[in-house]
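Chains as they are written, first to last, in the numbering used here: chain A, 1 to 210; chain B, 211 to 420; chain C, 421 to 630; chain D, 631 to 840.
Quick caveat, the hints were computed from the structure, so don't treat them as lab data. Honestly, I wouldn't trust all of these hints.
[Stated by the list, open to error] Which chain B residues face chain D? A few, computed with CB under 7 Å, are given here:
no.	residue
1	Gly232
2	Thr239
3	Gln249
4	Pro251
5	Ser254
6	Asp256
7	Leu259
8	Gly281
9	Val402
10	Leu406
Heads up, the beta-carbon is just placed ideally off N, CA and C, and yes, glycines get one too.
4 protein chains.
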Amino acid sequence: MTVVYNQIANRSLERIGALSDGLFAIAMTLIVLEIQVPQLPHGSTDEALATALVGLGPRFVTYLLSFLTLGIFWNGQQTQLSYIDRANRDLAWLELVFLAIIALFPFTTSLLAENIDVRLALGLYWLNIFVSGLILYAIWTYAERARLLRDRTGPEVGAAIRRRIGLAQLLYFVGLVIGIVVGTYPAIAWIVLVQLNFAIAPRIWRLHKI
Amino acid sequence: MTVVYNQIANRSLERIGALSDGLFAIAMTLIVLEIQVPQLPHGSTDEALATALVGLGPRFVTYLLSFLTLGIFWNGQQTQLSYIDRANRDLAWLELVFLAIIALFPFTTSLLAENIDVRLALGLYWLNIFVSGLILYAIWTYAERARLLRDRTGPEVGAAIRRRIGLAQLLYFVGLVIGIVVGTYPAIAWIVLVQLNFAIAPRIWRLHKI
Amino acid sequence: MTVVYNQIANRSLERIGALSDGLFAIAMTLIVLEIQVPQLPHGSTDEALATALVGLGPRFVTYLLSFLTLGIFWNGQQTQLSYIDRANRDLAWLELVFLAIIALFPFTTSLLAENIDVRLALGLYWLNIFVSGLILYAIWTYAERARLLRDRTGPEVGAAIRRRIGLAQLLYFVGLVIGIVVGTYPAIAWIVLVQLNFAIAPRIWRLHKI
Amino acid sequence: MTVVYNQIANRSLERIGALSDGLFAIAMTLIVLEIQVPQLPHGSTDEALATALVGLGPRFVTYLLSFLTLGIFWNGQQTQLSYIDRANRDLAWLELVFLAIIALFPFTTSLLAENIDVRLALGLYWLNIFVSGLILYAIWTYAERARLLRDRTGPEVGAAIRRRIGLAQLLYFVGLVIGIVVGTYPAIAWIVLVQLNFAIAPRIWRLHKI
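Please build the complete structure, drawing on both the sequences and the hints.
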């Protein structure tokens with residue numbers, strides 16, 4: 001009997017998770033590594049160092065932004081994987097495409113930090129978020145169709161995941177529009193607020209019910 | 211039945227542990243990567259290289275300091291996780307905030323190494339330690355309240371964890387005061403000694419009984 | 421009774437997998453890190469940034485190329501490991517040699533990106549792919565001979581793995597020939613197409629039946 | 631009842647393994663990252679690139695050297711861990727000290743590559759190997775005394791581990807002596823040969839029986 005290679009490839013969900021955890025951990029650390037440490041002449045004052053650090057302000061804002069972004073997508077992927085029972089090669093490649101897009105965040109983060117008043121930099125950062133969400137959506141849809149989900153995963157789980165991705169992408173798109181119409185700073189502030197809402201999920205807001 | 215997304219998110223303790231191990235491993239390695247290797251002209255003598263290495267002294271002191279710091283917090287987080295039975299999305303986000311603060315250590319380490327006589331650099335390093343401890347404290351408190359602990363985890367475990375964090379933070383604060391009143395070098399020496407005490411936990415001292 | 425050290429060493433398949441996942445995750449992230457972020461003067465226009473990004477074109481092409489390459493070899497190694505029941509020290513060292521070759525991809529990727537019109541750069545990139553495939557082949561052959569495979573792993577699995585490696589290497593070799601005879605750009609395009617074929621495995625092509 | 635914090639800390643062998651795998655994977659990748667990619671002017675010839683790559687020769691030699699070194703210590707640590715049944719806080723800290731020394735290899739590797747004819751650079755590289763071996767020895771001795779080993783781990787396992795560490799360190803010390811008396815190149819060649827012997831363990835040599 002001849003076996004087709006693609007039938008035997010990539011059936012380990014565990015190693016997909018391990019690869020993802022590694023890649024997310026590195027991306028989270030690299031966005032700090034890109035912050036250049038001020039090296040003042042020997043005997044400098046506290047004030048001189050404070051001034052130099054204030055100049056790094058955009059870097060710290062984009063660090064906060066990107067840590068939240070990476071945390072949200074790590075959570076999103078992990079939530080999906082917890083409902084998936086087994087992998088196949090197509091799922092493995094969809095996850096790899098997801099990771100390839102996630103691995104770009106240190107680049108788009110630095111691009112935004114170094115050019116924080118240029119709309120194109122914000123647009124590319126938004127694009128990175130948008131494509132990440134798109135692929136997460138595609139992964140879930142594929143997993144449903146290919147019957148890779150755990151037993152007893154009712155359709156309401158998929159509905160919740162789709163609602164969440166749709167809502168998040170809508171709010172990020174509002175951020176992009178703010179960036180184009182108003183400016184990059186208010187757009188970044190909006191996106192950070194949206195992300196904090198997803199991270200903190202305050203009980204008093206209606207949004208966390210979605 | 212409608213499912214709220216936040217109810218289904220982030221229930222895997224294992225992947226939180228894996229992400230943390232990856233991030234700690236990277237942070238521990240990056241604090242070495244930031245030590246710039248001296249490149250002497252071809253045919254240099256041993257003496258020339260020795261002189262260049264001595265100039266890197268502050269870098270090695272801060273490497274020792276930060277490896278101890280990261281080891282202590284890795285141990286602290288791991289000890290907590292070993293008593294936690296299951297995760298939920300709030301715990302996952304608290305752990306992510308903890309990791310976001312830990313990921314800053316390569317930056318604050320370099321900042322201190324490059325500006326080792328500037329008190330603000332020491333103050334920011336202390337702040338990094340302080341906030342890390344604060345979040346560990348918050349994680350434990352949250353896990354207790356949200357009843358995420360393993361069965362048979364008596365209140366004496368939480369008491370021991372709180373005592374340890376409180377004592378450590380008190381001793382680090384003494385280090386900060388030494389830094390402000392006396393100078394950065396004695397402050398760093400004090401903090402390293404405190405950390406060595408926690409790492410080695412000598413049997414002859416009373417401190418390890420706490 | 422005297423025990424020979426080599427008999428007791430390296431029997432954990434799990435840790436080989438974990439080391440591999442870590443190394444692949446880092447390699448995948450580093451190939452982005454090497455893309456230098458354009459730093460334009462304050463107040464630059466979208467057009468200036470777009471021009472700078474277009475100049476990074478070769479970098480993004482080689483990023484796509486190398487992410488596909490790393491994904492293919494990660495999948496290949498993982499597929500093999502899923503059929504291997506236990507490790508021994510020889511297998512561990514073969515896997516380490518495989519990882520040592522994989523760890524070179526960030527270097528050969530940058531080399532190709534920085535010298536994209538130089539045939540030697542393409543040749544070395546091809547060599548990196550070729551040796552990686554060769555060692556994967558050697559690992560499987562060794563695992564078969566040393567009877568490390570899981571029970572019920574019939575010879576048709578090995579046949580499928582060998583066919584796949586052989587076919588892939590043949591197609592990559594065609595890419596090398598194109599590079600020598602025609603030029604580096606068409607060669608890179610060919611290799612990317614070959615890799616996309618393996619990744620996407622389109623149902624309408626006969627190739628995915630092999 | 632009061633619980634002493636040190637009694638409840640660090641009991642997970644798994645997370646020690648995971649942290650180690652992450653740190654080794656990063657160190658293995660960073661020793662490549664430090665190899666600077668030649669950037670020739672547009673339209674350079676194959677010959678120009680070949681010349682530039684030959685100039686990187688010491689870098690590739692030290693890459694080979696350090697990958698072997700890291701592989702040997704990863705194997706050594708893993709072999710030990712496979713006989714250890716449970717951890718405690720002292721073991722965790724010994725492993726952290728081991729990792730702190732391992733994390734220095736990218737630095738000592740670069741130091742040697744950039745100053746390959748300076749004996750002090752070789753001496754520090756040897757010191758890194760020596761201390762790594764010393765701590766592995768200490769870890770095993772501690773684990774035996776603290777009765778952390780798995781049941782049925784007879785004394786012959788410990789004897790084999792000690793013989794292997796002792797022999798390896800003796801051979802590395804010969805390398806150091808060659809470096810001082812003859813020169814750095816023959817010393818590096820000797821150490822690489824010693825390591826290849828441990829990695830390949832050729833059946834025809836008597837050494838692999840030790």
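Hint check:
| no. | hint | verdict |
| --- | --- | --- |
| 1 | Gly232 | holds (5 Å) |
| 2 | Thr239 | holds (4 Å) |
| 3 | Gln249 | holds (5 Å) |
| 4 | Pro251 | violated (10 Å) |
| 5 | Ser254 | holds (6 Å) |
| 6 | Asp256 | holds (4 Å) |
| 7 | Leu259 | holds (5 Å) |
| 8 | Gly281 | holds (4 Å) |
| 9 | Val402 | violated (13 Å) |
| 10 | Leu406 | violated (10 Å) |
Against the hints set out earlier in the document, violations occur for numbers 4, 9 and 10.
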